[in-house]
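**Q** Following the hints, position chain B against chain A.
Chain by chain, the residues run as shown.
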Amino acid sequence: KAGVTQTPRYLIKTRGQQVTLSCSPISGHRSVSWYQQTPGQGLQFLFEYFSETQRNKGNFPGRFSGRQFSNSRSEMNVSTLELGDSALYLCASSPSGGLGKTQYFGPGTRLLVL
Amino acid sequence: QQQVKQSPQSLIVQKGGISIINCAYENTAFDYFPWYQQFPGKGPALLIAIRPDVSEKKEGRFTISFNKSAKQFSLHIMDSQPGDSATYFCAASPSSDYKLSFGAGTTVTVRA
Numbered sequence: 001k002a003g004v005t006q007t008p009r010y011l012i013k014t015r016g017q018q019v020t021l022s023c024s025p026i027s028g029h030r031s032v033s034w035y036q037q038t039p040g041q042g043l044q045f046l047f048e049y050f051s052e053t054q055r056n057k058g059n060f061p062g063r064f065s066g067r068q069f070s071n072s073r074s075e076m077n078v079s080t081l082e083l084g085d086s087a088l089y090l091c092a093s094s095p096s097g098g099l100g101k102t103q104y105f106g107p108g109t110r111l112l113v114l
Numbered sequence: 115q116q117q118v119k120q121s122p123q124s125l126i127v128q129k130g131g132i133s134i135i136n137c138a139y140e141n142t143a144f145d146y147f148p149w150y151q152q153f154p155g156k157g158p159a160l161l162i163a164i165r166p167d168v169s170e171k172k173e174g175r176f177t178i179s180f181n182k183s184a185k186q187f188s189l190h191i192m193d194s195q196p197g198d199s200a201t202y203f204c205a206a207s208p209s210s211d212y213k214l215s216f217g218a219g220t221t222v223t224v225r226a
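Residue numbers (my numbering), protein chains in the order written: chain A, 1 to 114; chain B, 115 to 226.
With the rest of the complex left out, here is chain B:
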């Protein structure tokens, strides 16, 4: 079963808009939460990652928000650009190992 639930499955945003992708998990042993970006024909590339001891992390136009009590985290893409059109995956892994559990992915389309 999917240990990390991701929504929405797809979204369309206008250039300059904000894309928001949400993820939820149940396993309280998870302590590392990365987001990956994947373009067609390529492997996933790490975008940004967060640990439960911080509630928000920002890198450029990408921000992760983390709510430990709700066991939810989200990715915000500010000022979305056509080059951001890709599939985004949230993931989580426990402190004990390197096994990443991935969400199902969100296909983001940015319209010019």
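In isolation and in its complexed conformation, chain A is listed as follows:
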């Protein structure tokens, strides 16, 4: 099976702009989670979607939002970008059901805010 894919891989934006990142989960996986990775804060959970519904949300401001489509593909959006939003954004997918809860990560989207 193909792994988790994320597009674009790299992105440069300026402060105040907005950005949309895309994630395609492993075929058959219905849960998609998003994480932010920075050198200072490490890996932090943003939110998780299952069957087009947000099931869980981390401690990030409302500028960070997401959605999931009927084919399980997910997007996350960051509005009014700040310099501190520069990070690697990782998407992870999991098989449906509670057993294992194994999360498979994509390669990430590297966002640089200038």
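Take the hints with a grain of salt, since some may be wrong.
Derived DSS-like pairs (lysine-lysine); straight-line CA-CA distance at most 30 Å [unchecked claim]:
1) 156(B) with 13(A)
2) 185(B) with 171(B)
3) 1(A) with 172(B)
4) 57(A) with 119(B)
5) 182(B) with 171(B)
6) 156(B) with 57(A)
7) 129(B) with 172(B)
8) 156(B) with 1(A)
9) 119(B) with 129(B)
10) 57(A) with 129(B)
11) 171(B) with 1(A)
12) 185(B) with 57(A)
No lab work stands behind these hints: they were computed from the structure.
**A** Quick look at chain B alone, frame taken from chain A:
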């Protein structure tokens, strides 16, 4: 605040040696403890995971030891190889959801 504390921040080991990384947690609701390996420019890759009902799990050269009463778990990399040089993250999640709380990471360097 960090729900999972990981140490050391970095370590250097000779080829063939043993790398040991430790993690501790406070949240007793955690019931799933995976370890991830990350190479520069890549996403984290699942190495091995354990649940609290077992005290040890081994997969190849990687072993997780789990101490439920102490709320600690550790990763042992046996016969370390230069290709093991990477950053390792411990993580934990509760039974109720898929939210992973990660440790700060340990950068392992294996010298040939």
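**Q** Each hint: holds or not?
**A** Verification of the supplied hints:
1. Simply put, residue 156(B) and residue 13(A) have alpha-carbon atoms about 21 Å apart, close enough for the 30 Å limit, and the pair holds.
2. Restraint check for residue 185(B) and residue 171(B): satisfied, since their Cα atoms lie roughly 16 Å apart, inside the 30 Å limit.
3. Straight-line distance between C-alpha atoms of residue 1(A) and residue 172(B) comes to about 25 Å, which keeps the hinted pair within the 30 Å bound.
4. For the suggested pair residue 57(A) and residue 119(B), the alpha carbons sit about 21 Å apart, so the restraint of at most 30 Å is met.
5. Of the pairs offered as hints, the one joining residue 182(B) and residue 171(B) holds, with about 14 Å between alpha carbons and a cut-off of 30 Å not exceeded.
6. Taking the CA atoms of residue 156(B) and residue 57(A), the gap is near 24 Å; set against the 30 Å cutoff, the hint holds.
7. For the given pair, residue 129(B) sits about 20 Å from residue 172(B) by alpha-carbon distance, which is consistent with the 30 Å threshold.
8. Restraint check for residue 156(B) and residue 1(A): the C-alpha separation of about 18 Å stays at or below 30 Å, so the hint holds.
9. Taken as a hint, the residue 119(B) and residue 129(B) pair is honoured in the structure, with Cα atoms around 27 Å apart against an allowance of 30 Å.
10. A distance of roughly 42 Å separates the Cα atoms of residue 57(A) and residue 129(B); the hinted pair therefore is violated under the 30 Å criterion.
11. In summary, the hint linking residue 171(B) to residue 1(A) is supported, as the alpha carbons are separated by about 26 Å, within the 30 Å threshold.
12. Between residue 185(B) and residue 57(A) the CA atoms are separated by roughly 25 Å; this keeps the pair inside 30 Å, and the hint holds.
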